[in-house]
Every structure is written in structure tokens, then in C-alpha cells.
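*Asks:* Listed in order, the protein sequences are those of chains A and B. For the first sequence, our numbering begins at 1 and goes up steadily by one. For the second sequence, our numbering begins at 1001 and goes up steadily by one.
Honestly, the hints are just simulated from the structure, not real lab data. Take the hints with a grain of salt, since some may be wrong.
Stated by the list, open to error - Facing chain B, a subset of chain A residues (Cβ under 10 Å, in silico): (1) Tyr3; (2) Cys67; (3) Phe143.
Beta carbons: idealized from backbone N, C-alpha and C, even for Gly.
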Amino acid sequence: MKYIDEFRDGDLARGIAARIGAEARTDRSYHLMEFCGGHTHAISRYGIKDLLPPNVQMIHGPGCPVCVLPIGRIDNAIELATEHAAIVCTYADTIRVPASGGLSLMKAKARGADIRMIYSAADALKIAQDNPQREVVFFAIGFETTTPPTAIVIRQAQALGLTNFSVFCNHVLTPAAITHILESPEVRELGTVPLDGFIGPAHVSTVIGSQPYEYFVEEYQRPVVIAGFEPLDVMQAILMLVRQLNDGRAEVENEFTRAVTREGNQKAKSLVAEVFELRPSFEWRGLGEVPYSALRIKEAYASFDAERRFGIVYRPVADNKACECGAILRGVKKPTDCKVFGTVCTPENPIGSCMVSSEGACAAHYTYGRFKDVAIKAAEAVVE
Amino acid sequence: MCLAIPARVVELLPDSLGTIELSGVRKRISLELVDGIAVGDYVIVHVGYALQKLVPHEAERTLALFAQASGAEAE
């Protein structure tokens, strides 16, 4: 497929890896965080970690909206279907995430709740038009990439005069979370490995552009390289970060120029600004409360806000005490440092946020990396 | 979750809609978030909406950077 296959070429990847190996200084280490789950998935799936010198380490960030969605918000979505008899429309990503009481959206559906999986926000609007006698709620999650379509359907619902359609908004913001990782109180408690640089989001940046990261590099003096989600994009971004760090530079660089401009998508940004406003604070699973990190629906569109319409009360649900996601998301621990990783906590039965979606650090390692750990242990046993 | 794919626009339809094709699969999507799209353009598609138009010469430039970094240009 054009614009995909040529960005996955193995020979080129080995060539770039050799260049990274040649340019990475041996007298220092490079701790680089890829913020996005899409990058985490690519790094695990294509074995990029194995191509890097040992002193270039990738730390997996919290950029997976499914992973960081608090359990309490999924409980709320289930309540909308069970207690308010609404049709709840959801992207497939959230359908299997465990909620309270042994439930999930899928299990609630099996018990009779009217929960429907949709591909596009537009599908939710269509369901509302087709079911005028029912309340239809769109369970909206996602980063800046996924927010503009939600803004469009809210405006369309208003234009169509729909009175049975609302949105349960859980949209979150990338720059706020990146900043939080560097300066949250938990970082002081947990301690942290120094994060030397960041691979910036691919598709989030197609919408917001590269400009929002400029303040960040200035304030925190950490380089950011925006990269596409294909393996060669990630390799090239790592090389660009190594070069910036070697030169003592902290700049925003853009590897994903085929889709990202400095300004981003102006039309999408204005639509989002028209419909949504900042929440003073929002809970992220694994990170806790993060100030100004999420969006809510503006007063002008209040009738389409499911939280107002149904008087939704959010009740936080604590994660299992054994779960190490908080430390893993900040780069302090690895998935294999967690006692419950791969034993109690698996993709089929996720205990913590990093195991919830295939883009989470633990799920990615469980799927693509864990057998390698086993092989190493077995080989050591033979040597002994 | 932010996964999006580059796909070729094969048809423009009323109401800012369009048809894309990806390896023989055709799907109707919304072009409401992007301006000036023509048949044959590649767009990045996410949850049924085109988010950006792909810039072919920038893609070429990035591929050239890969080749340069990997030393392939010396061959």
C-alpha cells in the first residue's frame, strides 16, 4: 500500500540503526519517551528496541486514550445504558475494558444493555436519527486526533434539531500530559529516570500542528521530534533526537512533514474551539488528576452534553495496589518489574491501564516481547 | 486509538463526502475537515474523517532522508 510499505523497509531500518549506533555516544545514555501508544505499538511490533544500542532506551508514555480512561468513566457509560435506557454508541476500543463489578461494555451488552459498536462518530448520529423515540449517547474518547469528528457531529445534531442525541465527552489533551510527566508531585515521590527527549505524536500533530510543542521545549529544554507511526519514521526520529542531544539542542523537529505542518489543521482546531472548553482537571488512569488536560462541552451546546442531561456523577475507582502502571508510565519501572505482569494481569484480564489496549506498554510487551524474556532465562539456565 | 491510514480519494460526493480506496476496499468518508481535495489525492483517514491531505513531495523527501541516514545513497 502506497505511503505504508515504503516506510517499513527492513534494509533501510538496519541502515538507520547502524547510523544511530555510530552517532550515539558511548559515554552517555539516551532516555527517550515515545508519548503515543501508536509509537509504542510500532516499537514492540517491529522489534525496534532490538535494533538500538543498549544506551538508547525507549520509555513508553501514556498516549493511549483507552489505557488512561478511568474505570469510573466506563462505569458511567454502562449506567447510561442500564439506568437511563439509552443506546450507548462506542468505538470498539473501549468495549472490552474491565469496569466495576466484573462488568465491561461488552458484558453489559450481553446482559441486555443497548450498547452499539461504531466505526465513526457519524454512525452515532445516524443511530439517533433512526431511533427518534430513544435517547442515544455517543461515548466519546480520544486525543486531539479524535476530537474534531465529535465536534462535527454535535454541530450537525444541533443543525438537524435532534433532541435525543448527546455526547459523553472524555476527550483528553496531549501537551498537558507530557508536561505533567515531567513535573507532577508523583515524579518526586516515585523518583524518575531522566527523560532526555520525546518522540512527538503523529496523528495528534496532524490536527494541532508542531507549534504547541515549542513552549514545551523552551520551558523544559527537552527536544521533541514529531514522527509518523511507521517503523522507519520512528527510527529516523530516534536518530534526530540523538543528534539534537549530541549537539546540546532542544528544538521541535518534524519528521512527519508529509502530514504535519506548524499550524496543523486550522479548520479542525476552530471546530473544536467552537464546541469544547478546557476542564480545570481530569483524572487519568495511572497518572491521577492532571490539570487542564481534558475537554468538556461548552454551555452553548449544553443540551448535547450527556453529563448535564443525565446528571452523571463520577465516582473514582482505585486501581489494584499491586499495579505498577503509575511508575511504568513515567519510565521508572518496566512492565516486567511488576509482580502481576503476565500472571494475574494479561490482555484478557487487564488489572492496570498499561495492559488495557494493545497500545499500552504492558500489552505491547506481553504480545511481542515476553517470549524473548523467557528464552533468555532458559538460555541462562542451561549455562548454569 | 489515534491510528489513521493514508488512503486514495477516488470519488467526490455532495455534502463534503468522498469515497476512498485502500487495497481494493472502498469506503465512504467525510472530507469536511479538509479543503481542496481532488480525486487521486491521498488523505489520512481516522474514524471516518480525513484529517489531512498527504503531501507527496514531503513523503519523497522523508524517504530520501531515510536513504541518506542508512547510507543507501552511496550504493
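*Asks:* Now tell me, hint by hint, if it's right for this structure.
*Replies:* Hints versus structure:
1. Residue-level restraint check for tyrosine 3 of chain A holds (minimum Cβ-Cβ distance to chain B is 4 Å; threshold 10 Å).
2. With a least beta-carbon distance of about 9 Å to chain B, the hint placing cysteine 67 of chain A at the interface is held under the 10 Å criterion.
3. A cut of 10 Å between beta carbons decides the hint on phenylalanine 143 of chain A: the least distance to chain B is about 6 Å, and the hint holds.
Of the hints listed earlier, there is not a single one the structure fails to meet.
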